[in-house]
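Using the sequences provided together with the hints, build the complete structure.
So for the sequence shown, our numbering puts the first residue at 1; every next one is plus one.
Source of the hints: derived by calculation from the structure; they are not laboratory data.
It is possible that part of the hints are untrue.
Unchecked claim - Each computed DSBU-like pair below joins lysine-lysine, with the alpha-carbon atoms no more than 35 Å apart:
(1) Lys74 with Lys162
(2) Lys115 with Lys152
(3) Lys115 with Lys74
(4) Lys189 with Lys228
(5) Lys76 with Lys188
(6) Lys115 with Lys100
(7) Lys188 with Lys104
(8) Lys228 with Lys218
(9) Lys60 with Lys104
Unchecked claim - Taking CB as the label site, the calculated pair distances span:
(10) Lys228 with Glu158: 18 to 26 Å
(11) Asp68 with Val181: 36 to 44 Å
(12) Val168 with Lys115: 29 to 37 Å
(13) Val237 with Ser217: 39 to 47 Å
(14) Phe179 with Ser217: 40 to 48 Å
(15) Ser110 with Glu158: 21 to 29 Å
The beta carbon of each residue, even a glycine, is placed where N, CA and C say it ideally should be.
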Amino acid sequence: MGRPRKPSMSEGKQNIIAQLLEEYDIQSAQDIETALRDLLGGTIQNMLESELETQMEQSKQQDPDYTDSRNGYKPKTLKSNYGAVPIQVPQDRNSDFEPKLVPKYTRDISAIEGKIISMYARGMSTRQISSQIEEIYGFEVSEGLVTSITNKLMPEIEAWQKRPLSAVYPIMFIDAIVFNVRDNGVIKKQAAYVILGISEEGHKEVLTISIGENESSKYWLSVLNELKNRGVADIFVLCA
Numbered sequence: 001m002g003r004p005r006k007p008s009m010s011e012g013k014q015n016i017i018a019q020l021l022e023e024y025d026i027q028s029a030q031d032i033e034t035a036l037r038d039l040l041g042g043t044i045q046n047m048l049e050s051e052l053e054t055q056m057e058q059s060k061q062q063d064p065d066y067t068d069s070r071n072g073y074k075p076k077t078l079k080s081n082y083g084a085v086p087i088q089v090p091q092d093r094n095s096d097f098e099p100k101l102v103p104k105y106t107r108d109i110s111a112i113e114g115k116i117i118s119m120y121a122r123g124m125s126t127r128q129i130s131s132q133i134e135e136i137y138g139f140e141v142s143e144g145l146v147t148s149i150t151n152k153l154m155p156e157i158e159a160w161q162k163r164p165l166s167a168v169y170p171i172m173f174i175d176a177i178v179f180n181v182r183d184n185g186v187i188k189k190q191a192a193y194v195i196l197g198i199s200e201e202g203h204k205e206v207l208t209i210s211i212g213e214n215e216s217s218k219y220w221l222s223v224l225n226e227l228k229n230r231g232v233a234d235i236f237v238l239c240a
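Written as structure tokens, this is what we have:
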């Protein structure tokens, strides 16, 4: 049997959500949770890729005779608040790789999913992304690992947040999902404002994810104004 192929992903993942949701049948707000689940899976897999690369580089620095290489992928299904999240865990030939983000035999990621979503939802700087990564891991991680993950995620996050949108969306779904986050040692509730649109070609796209303190009409106005600034001129049907 040949080596498993790396899951195909578009350059920069600028249209990651649209591609993942192309064939979905939108019937309820639960479809928005499906989009968030896919977003989690892609991000976690990228972070695991960075972990493996960093671990092999550090091992080679510590031992000049050390040799190792990639050896395909192994499927794994994670448990989140949005349902099952399938990923492909990168493997190495020496079987030395010990993932820290999702350790072996661990499948529950509910403790970190809100933090991952917040990275996409906020306009975060490189330093803020780095800080968030350390918070996700729950302990101090090496500078090399933080840099590797940041370099992988930052362009994707920025491109996804700022990508231009279509002028017309015949149907648009809006909803806010409330979750608990830790801020300076205090647990508080925040709302993830999610907008999902159906394009004139019939494609389903998550247009934006934005984090607010609580769901309110005032914050929804700012979210919708952001869509206008990114090119949206008309909506035929708005489902809330």
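Now the hints, each set against the structure:
1. Lys74 with Lys162: holds (33 Å)
2. Lys115 with Lys152: Satisfied, since the Cα-Cα distance of roughly 17 Å is no more than 35 Å.
3. Lys115 with Lys74: holds (25 Å)
4. Lys189 with Lys228: holds (28 Å)
5. Lys76 with Lys188: Answer holds: Lys76 to Lys188 is near 31 Å, not above 35 Å.
6. Lys115 with Lys100: holds (16 Å)
7. Lys188 with Lys104: Holds. Lys188 to Lys104 sits at ~30 Å (cutoff 35 Å).
8. Lys228 with Lys218: holds (16 Å)
9. Lys60 with Lys104: holds (23 Å)
10. Lys228 with Glu158: 18 to 26 Å: holds (20 Å)
11. Asp68 with Val181: 36 to 44 Å: holds (37 Å)
12. Val168 with Lys115: 29 to 37 Å: 35 Å Cβ-Cβ, so the 29 to 37 Å window holds.
13. Val237 with Ser217: 39 to 47 Å: With Cβ atoms ~19 Å apart, the hint is violated.
14. Phe179 with Ser217: 40 to 48 Å: Cβ of Phe179 to Cβ of Ser217: about 20 Å, so the range 40 to 48 Å is violated.
15. Ser110 with Glu158: 21 to 29 Å: holds (27 Å)
In summary, the structure is inconsistent with hints 13 and 14 from the numbered list given earlier, while agreeing with the others.
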